[in-house]
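Dock chain B against chain A, hints included.
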Amino acid sequence: MSETLSDIVKTGGDFITRSASGGTISSGVTGTILTLTPPAGQRVRLTHLSVTAAASPQVGISVLLGISTVIDEQEVAGTLPSGFNTFSVGNYQPFSSGNPPSTNYQQFTGKTNEALTILKNAGNTTVTIYYGYEFGL
Amino acid sequence: MKNIISLPIKRGEFVAQFAGSGTVASSTPGGTILTITPPSGQRVRVTNLSTDTSGIITNATLSFDSLDILTSISISGQAPNSGLRYSIGNYQPYGVGAPPVGNHKFITGKIGEAFIVSTTSTTSGVLYYAYEFGE
Chain A
1 MSETLSDIVK TGGDFITRSA SGGTISSGVT GTILTLTPPA GQRVRLTHLS
51 VTAAASPQVG ISVLLGISTV IDEQEVAGTL PSGFNTFSVG NYQPFSSGNP
101 PSTNYQQFTG KTNEALTILK NAGNTTVTIY YGYEFGL
Chain B
1 MKNIISLPIK RGEFVAQFAG SGTVASSTPG GTILTITPPS GQRVRVTNLS
51 TDTSGIITNA TLSFDSLDIL TSISISGQAP NSGLRYSIGN YQPYGVGAPP
101 VGNHKFITGK IGEAFIVSTT STTSGVLYYA YEFGE
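Residue numbers (my numbering), protein chains in the order written: chain A, 1 to 137; chain B, 1 to 135.
Chain A extracted, bound-state conformation (with noise of 0.2 Å):
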């Protein structure tokens, strides 16, 4: 089936930042830890998710763009964003032994007025989580 204009449309293109913000999410707590929610017709870019250098990987993490699992229930890591069940998006401190940082994304973006939300699925945090993320068109 040939693709209509419409759907050319809906994917939003380009990027274009709007406002930027960034903060961290405590230890000890569980269930929705956070939810982004962009301004009506814009979207959001996580641009960046880990813990600091020293801590271990955070486990049982999940993202969501709307409806859609992007993550579901890995370790959000700091220094090594490598291997099965690891993760973390954006920039990270430096590492230079081990396996490459294969499971580092860089930034995951959602549709136009999709929210983003992060969930701890069982049990509570033991660490602080950082995060980044823009809002744009």
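No wet-lab data here; the hints were simulated from the structure. These numbers come from a predicted model, not from an experiment. We treat Cβ as the ideally placed atom computed from N, Cα and C, and that holds for glycine. Errors might be hidden in some of the hints.
Stated by the list, open to error - Here are the computed distance ranges between Cβ atoms for each label pair: (1) A:Asp-72 with B:Val-24: 27 to 33 Å; (2) B:Asp-52 with A:Gly-28: 35 to 41 Å; (3) A:Val-29 with B:Thr-71: 25 to 31 Å; (4) A:Ala-122 with B:Val-96: 29 to 35 Å; (5) A:Lys-111 with B:Ala-25: 41 to 47 Å; (6) B:Ala-114 with A:Asp-72: 38 to 44 Å.
Relative to the frame of chain A, chain B by itself:
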């Protein structure tokens, strides 16, 4: 009624047509210290905004035209690692402290929008920047 020309067909993947870079000297008085204006019909993509490993630009606001993207932040080359420290693009590595949560890969404006950096105080280090113009 909208016609096909009014649809956002210019919002496809960024197509670079020019790349440039530069610095803003230390001890530049507060105010608008950097303006990058794309040619007519093009957009600007800022691909690096940072300092050297010892420098920091405080009380900075980053804007596209009159829209403030980040307000009253610090631009930090080596350690963009807190809610108030930011950089754009690659940076020199550091391995201690909080992760580089304030580092963004690049930011892109609308067609015709200028990228502006302003400060409320005299800069105390060199500001490095790089950018692309494109469609």
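Each hint tested on the structure:
The hinted window of 27 to 33 Å between A:Asp-72 and B:Val-24 is violated, with their beta carbons roughly 45 Å apart. Checked against the given bound of 35 to 41 Å, the beta carbons of B:Asp-52 and A:Gly-28, roughly 38 Å apart, stay inside it. With their beta carbons about 28 Å apart, A:Val-29 and B:Thr-71 fall inside the hinted range of 25 to 31 Å. In this structure, A:Ala-122 and B:Val-96 meet the distance hint of 29 to 35 Å, their C-beta atoms being roughly 32 Å apart.
Under the hint 41 to 47 Å, the C-beta atoms of A:Lys-111 and B:Ala-25, about 43 Å apart, fit the expected range. At roughly 42 Å, the beta carbons of B:Ala-114 and A:Asp-72 sit within the given window of 38 to 44 Å.
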